[in-house]
Amino acid sequence: MALIEVQNLHHTYHAGTPEAVVGLDGVSLTIERGEFVAIVGGNGSGKSTLAKHLNALLLPTDGEVRVDGLDTRDPAATWEIRQRVGMVFQNPDNQLVATVVEEDVAFGPENLGLPSSEIVQRVEESLRVVGMLAYRRHQPHLLSGGQKQRVAIAGILAMRPQCLVLDEATTMLDPLGQREVMETIQSLNREGVTVIHITHAMEEAAQCPRMIVLSGGRVAMDGPPADVFSRADDLHRLRLVLPPIPALAYQLRRDGLPVPEGILDADDLAAAIASLATARIGHGRVGNGAD
Amino acid sequence: MALIECVDLTHVYLQGTPLEAVALRGVTLSIEAGTFVGLLGPTGSGKSTLIQHFNALLRPTSGSVRVAGIDLSQPRADVRTVRRKVGLVFQYPEHQLFEETVFDDVAYGPRNLGLATPEIQERVHDALRLVGVDPDVFGRRSPFSLSGGEMRRVAIAGVLAMQPEVLVLDEPAAGLDPQGKQEILGQIRTLHRERGLTVILITHSMDEAAQLVDRIVVMNSGQVAMDGPVRGIFRRADELAAIGLGVPAITDLMLRLRRRGVAVRPDVLSLEEARAAILEVVRWN
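Sequence order for the protein chains is A and B.
For the first sequence, position 193 matches number 869 in this note's numbering, and the numbering has no gaps at all.
For the second sequence, position 8 matches number 1425 in this note's numbering, and the numbering has no gaps at all.
So here's chain B without its partners, still in its complex pose (with noise of 0.2 angstroms):
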């Protein structure tokens, strides 16, 4: 069984009221245990309200979704449960930073499941280190004396410190520098690489999708438009122009090269790629 299942999943908000907004509808969708998934589509598509579906901060207004067995459509679901399995990161999430230190913001999370003093310590290191963050230069320090890039590290860290088996993030390296950017994002695949998780990644930037996840699902006014491998979506370029998104700035080059009658494949995902398929058609021999 999927960690996730959607089956037929609406959501309407400020239903029955002239405000009512239908947000999803009908999406169904299964994310497999230890997996990357990509989530992408334009703003107001409901990839925020899909991923709060994901631990019950929303409830389907028809449909179903289950988390690792546990069925949210009924009332008395076991919610604690699914909220220790999936961790959510909010877009800017080092706006929710408010202890005092580094160690106390991330120490919150595990105080309150009502861990034992070592364990609590254990566990913030950890998700500290995790994150790139030296616990025992940043641990003391106040969380507001941080740069933006560290602040956002540290706030995952608070996340990542209740051990959750999917963390959904949504837009993680939205406003930082390039190299913050690559910075946070290699964390994140470090992640999922070393230690499994399953991971569920919103984003603007189809260069980061290439990067980064295994599958691409691709929402559309509340519906999924497109699910797939990654180099099978981005060989639907019109399709995703039709949407308003467009493929990573390589994969076009490729497409620009084959419309010249250059025959590179087009389904490249990273520069090294692209370099070895173009090298290939033009070096002597």
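If we strip away everything but chain A, and leave its shape as in the complex, we get (with noise of 0.2 angstroms):
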């Protein structure tokens, strides 16, 4: 059984009323345990609307969301979907309830109803496993943007969930703090938590497994990168970009350079490009990178 299974999901906000807007238009995939996928897509194209269906804080008008066999439209079942799925959202000013970062980690596992020896033992290991132990005792309001994003993800795995998913949890950090979030959630999945991140970086979705991309509402494309940047036309039609490497690989080839497909990162290029060069050393343009 897949850990995230959604069958045909439709989403209607203010259903039944005139100002009606469908969010999501029969979305149907699967998610494995263990895996680490983008969700990308334009503005409206319905990433949010399915990020909160996962862990039941919206509800389907239509079609079904099934959490470790759980359904989503059980009310019974929703505070143990919600124990196997933690969000992380975008502003991490909004995400922080206590004055000490500790506390605020412990907010969850205490709601648990745990010992508190449990607690302080989940604490620690949270905040370990996302590098802020030596923050136990700030203020979460002086932190930097990423470390409240890390301090946010500490409190959602002190739960143990089996899956994380980020609601552009990226957007508003500067490239540092972009970076920290990335390389932490990176190292989770590696121990085995599922990673759901949806983001607007193409450069990031670049390093995740597989990307699925949404378009009003339905998913349009769901593949490997390579796949999904191999191609450019259809992704300018849903309002999205290659990003920079894939783009001028893309246009290498089309300019008649055997630079291989499905590059993504700028080390694979330069040495796609550095072979290239080689083959030409003896006609006078290859130097030794001096100015």
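Derived by calculation from the structure, the hints in this document are not laboratory data.
Every clue listed holds true.
Heads up, incomplete: computed chain A residues facing chain B, CB under 10 angstroms, no partners named:
#1 719
#2 720
#3 766
#4 850
#5 878
#6 879
#7 911
#8 921
#9 933
#10 943
#11 945
#12 952
#13 954
C-beta: ideal position from N, C-alpha, C; glycine also.
Two chains, two separate frames, one set of hints: put the complex together.
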């Protein structure tokens, strides 16, 4: 059984009123345990609406969502679902509730009614995993954006979820903060946590093994980034753009250079170009890299 | 004389309290009329504090700021004139929309100037067109019925309707989808090129800076760490990395190629320049 099974999911906001807006229009997808999936799409494509269905913050207008076999429409299952799937949101300032970092992380486990020794252990472990243990007695509002998001992630990890859903959790961060959060979720994924990362940053999506592209409340593409990025024209129609490195590789191929398909990162492209340039040694244009 | 001149500008928040925090330490910087300047730096480096001095929302703790010749370190400085000349667009400006209709929201500033109705109408239409929002289609709609990108543009139009000489934008593309980003940045470039507006852009994105600005000022710990033409700044990749910033993805590729012994020029700013540089070293004859 897959961890998340979404079948023919429809969601309409303000259903039955003149303001009715279709958010999701028939989404079906399956996410296995241990996957690392990026969800991308233009503004209004349904990304956040989908995310909120994964831990029963929103319920289907039609179709169904199952988490670890539990139906999100079953009110008796809501709390079990929310323990399995934790959400991190965009604004780091809206997610921290306590005045000390470790109390913030303890908030969830305390609500589970766990014994205090267990709570202390979970808080320590979660803060260590996100690299924030040294800040346990700090005040959250004095941390940087990236640090706040890592504390928010620790608060969720303390609930021992199977799946982490990040809804544009890197959007408001500076480049360093973005890198901190990406590295944190990559290491969590290596330890077995399923990660669903919703983002506008195509460079981040390129680092995930699987990309789901939403458009108009439907799944428009679903596959490895190398495949998705090979469809530059389709992406453009979906209000998305190729990240710079795949865009340049695509352009160079159109110029007739034998650059391999599916190149995503700068080092691979540099290697491919360098080997083409080396083939020209003796023709006087390849130097030693000096000015 | 430069349009904006900061000399040894220092700003301390909550001075004399236990929460005292030095946000700017001795910033000296001048910005000429008609330029397009990118202001970069990690969170907490002082960028937002600095720009709030440009229209007198904050006053120097010590040192001075002059805008169009008006010395803002003087308590009785003509703040009204400065605020008309310098339009500030904060992060997520759409959170500040409040009127019933798009037209009224953009007209709010010009009405407060006491302008005549036809002039207000003209300014609102002009400002909306500048950001690519058709006043005849959107003017009567509620700003809250618009998409995120449209709301952002209406909020910027509200600042443009004041007809500032300087437009200061704090992360204008944050949170928009990739095409929404391109649209809004393209409109800002047009404002600069066609209307001659002086633009100061705060951004975290090196790629945005590479596309748009002439000059980059890098802030770190309340000081100016680097200041110069874009190409020159991107050649200093190691210094940028040391303060947590990178270089644009394309510049990074060029540096990697050079490390592999391929003699491409390192200071390319766009995909087109990179493509030309690569084709030159790779193509047979």
